[in-house]
Each structure stands twice: as C-alpha cells, then as structure tokens.
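A.B. asks: Last residue of the sequence shown? That's 254 in the UniProt record's numbering, and every number before it is there in order.
Don't read these hints as lab results, they were simulated from the structure.
All C-beta atoms, glycine included, are put in the ideal place defined by N, C-alpha and C.
Careful, some of the hints might be misleading.
[As the list claims (entries may be wrong)] Distance condition first, Cα-Cα at most 25 Å in a straight line; then the derived DSS-like pairs of lysine-lysine: (1) Lys84 x Lys130; (2) Lys2 x Lys84; (3) Lys132 x Lys114; (4) Lys84 x Lys114; (5) Lys114 x Lys130; (6) Lys84 x Lys132; (7) Lys2 x Lys114.
[Said to hold, decoys possible] Distance ranges between label pairs, derived from CB positions: (8) Pro234 x Arg196: 24 to 30 Å; (9) Asp134 x Ile235: 24 to 30 Å; (10) Asn239 x Ser208: 17 to 23 Å.
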Amino acid sequence: MKQSIRHNKIIELVNQLGYVSTEELVAQLNVSSQTIRRDLNELAENNLIRRHHGGAGAPSTSENSDYIERKRFFSLQKECIGMKVAEMIPDGASLFIDIGTTPEAVAFALLSHKNLRIVTNNLNAAHILKEKEDFQITIAGGGLRTDGGIIGEATVNFINQFRLDYCILGISAVESDGSMMDYDYHEVQVKRALMRNARNVVLVTDHSKFARNAIVRLGDVREVNYLFTDRPLPIELQNHLIHSDVAVHICNEK
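Assemble the whole structure, with the sequences as input and the hints as a guide.
C.D. replies: Right, here's the structure in full:
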C-alpha cells in the first residue's frame, strides 16, 4: 500500500474513532508496526493527527480533548468487550446504542453483522455504522454535546417510541453497593428510557468504572440482564450480584 493511501486511511480512522491504537492500524493496513510509527510521526509533524503513546488521536482542541483521552484509556480492553458483546447479538436484531466509548467499541465490532436496526443517541456510533448499507440507523433528536452525545427531553420522548431487542448501555461508575452512577442528570434520564424500552439491557464497562464515584444514580446493576467487563468484579459487587439473574461476562484481551 502506498504511503499516501496509508496516510489518508489513518486520518480517516482517527477522525472516525477519535483514537486508534498502533496495533489496530497494523491490523487494518497490513503493514509492520515500524511503518505505522513512521507514518504517525510524519502525520503528527504536519498536525494532521495527535500522537499518543501506543497510537494516535485527532488534533487536540479544547472541545474534543476530554473525549479523546477517554477513547484512549483501556482501548484494547474496550475492543475486547465490544467483540464479546457482538458475539451475542444475532443478525437482524434491533438495538439501542448509548453514549460512551465502550458502546462505540461495540458498534465497531458489529460491522461484521447483517441487517441490524439501530437507534442511537451517539453520533460517533452512528458514524462508525453508517458504511453498512444493510443497517437501518436512526439517530435520536435532542441537544448535541461536543463529545457526540445527544440528550434532553426530546431524546427521551423519541426513544419512548421504540421497543428494541437490546440496549448497549454505558456508565461512568458502578459503586460497591451496585449503584450505577453518572455525572449528568439529563444523560441519566436518557439512559433510563433506553433501559425501559429494551428487552435485554447489556451494560458494558471497563474495570476502571468500579473505582469511581459519580453524582447521579441511574439504578441498581441488578436491573441489567448482562454485564460485560474486562476484569473480575470487586468482591463487594460479586456478593451484591450473587443471587441476581445478571449474566456476567469477563473479557480477557490476551
């Protein structure tokens, strides 16, 4: 593959995903890691990407830097979670995809599926999925945030018109007593609508969320049907779920 073609593809992936790892680029472009590193260094020198340890992100701005950093952390773990969730979703299914970088990893993993019907309040997820001509993508209305999330009363009203097979739910924190927590009251209202209108709620979260605190309570983790994460749950959370019907799946990226 010519260097100019590689560079264009790298820029396209960075703009699409926000952050892409060196390993992901090696696999996508079928070249050596040394070649990718040279490409990334050259693109960064021309301010076409932002170089990170282990990969690259979009050029930094005050509006998107927080999103890029969230995208970068635990990217391999999120990719693994996404692939594991995708194994469970059948072709022809209908699903909500929530705001968050881990739900976006699920969206990316779903590209190998056929005939999915997707409703999302996540512009990044919609952008990932739009290349699939056999997918039916519906974007919720509402207020648009700088990270691509769509929230507000209009979003809740829109989601309430649907009843879908799965909800791919992201979260900012899960406390030891099982409380699912987030930072934005309006976002939590949307998450509740997603959960309420899905036949199966699939919570996707990397292990870092089990060591965080947030201020708005979404509900109890026992309200979901599936929990996908990348490390064994803290013992307190294991005990909280021991008599529940939640199916816990631990993904190991190795």
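A.B. asks: None of the hints should be skipped; say for each whether it holds.
C.D. replies: Hints, one by one, checked against the model:
no.: 1; hint: Lys84 x Lys130; in the structure: holds, 21 Å
no.: 2; hint: Lys2 x Lys84; in the structure: violated, 34 Å
no.: 3; hint: Lys132 x Lys114; in the structure: holds, 8 Å
no.: 4; hint: Lys84 x Lys114; in the structure: holds, 17 Å
no.: 5; hint: Lys114 x Lys130; in the structure: holds, 13 Å
no.: 6; hint: Lys84 x Lys132; in the structure: holds, 20 Å
no.: 7; hint: Lys2 x Lys114; in the structure: violated, 31 Å
no.: 8; hint: Pro234 x Arg196: 24 to 30 Å; in the structure: holds, 27 Å
no.: 9; hint: Asp134 x Ile235: 24 to 30 Å; in the structure: violated, 44 Å
no.: 10; hint: Asn239 x Ser208: 17 to 23 Å; in the structure: holds, 21 Å
Going through the hint list in order, the structure does not satisfy hints 2, 7 and 9.
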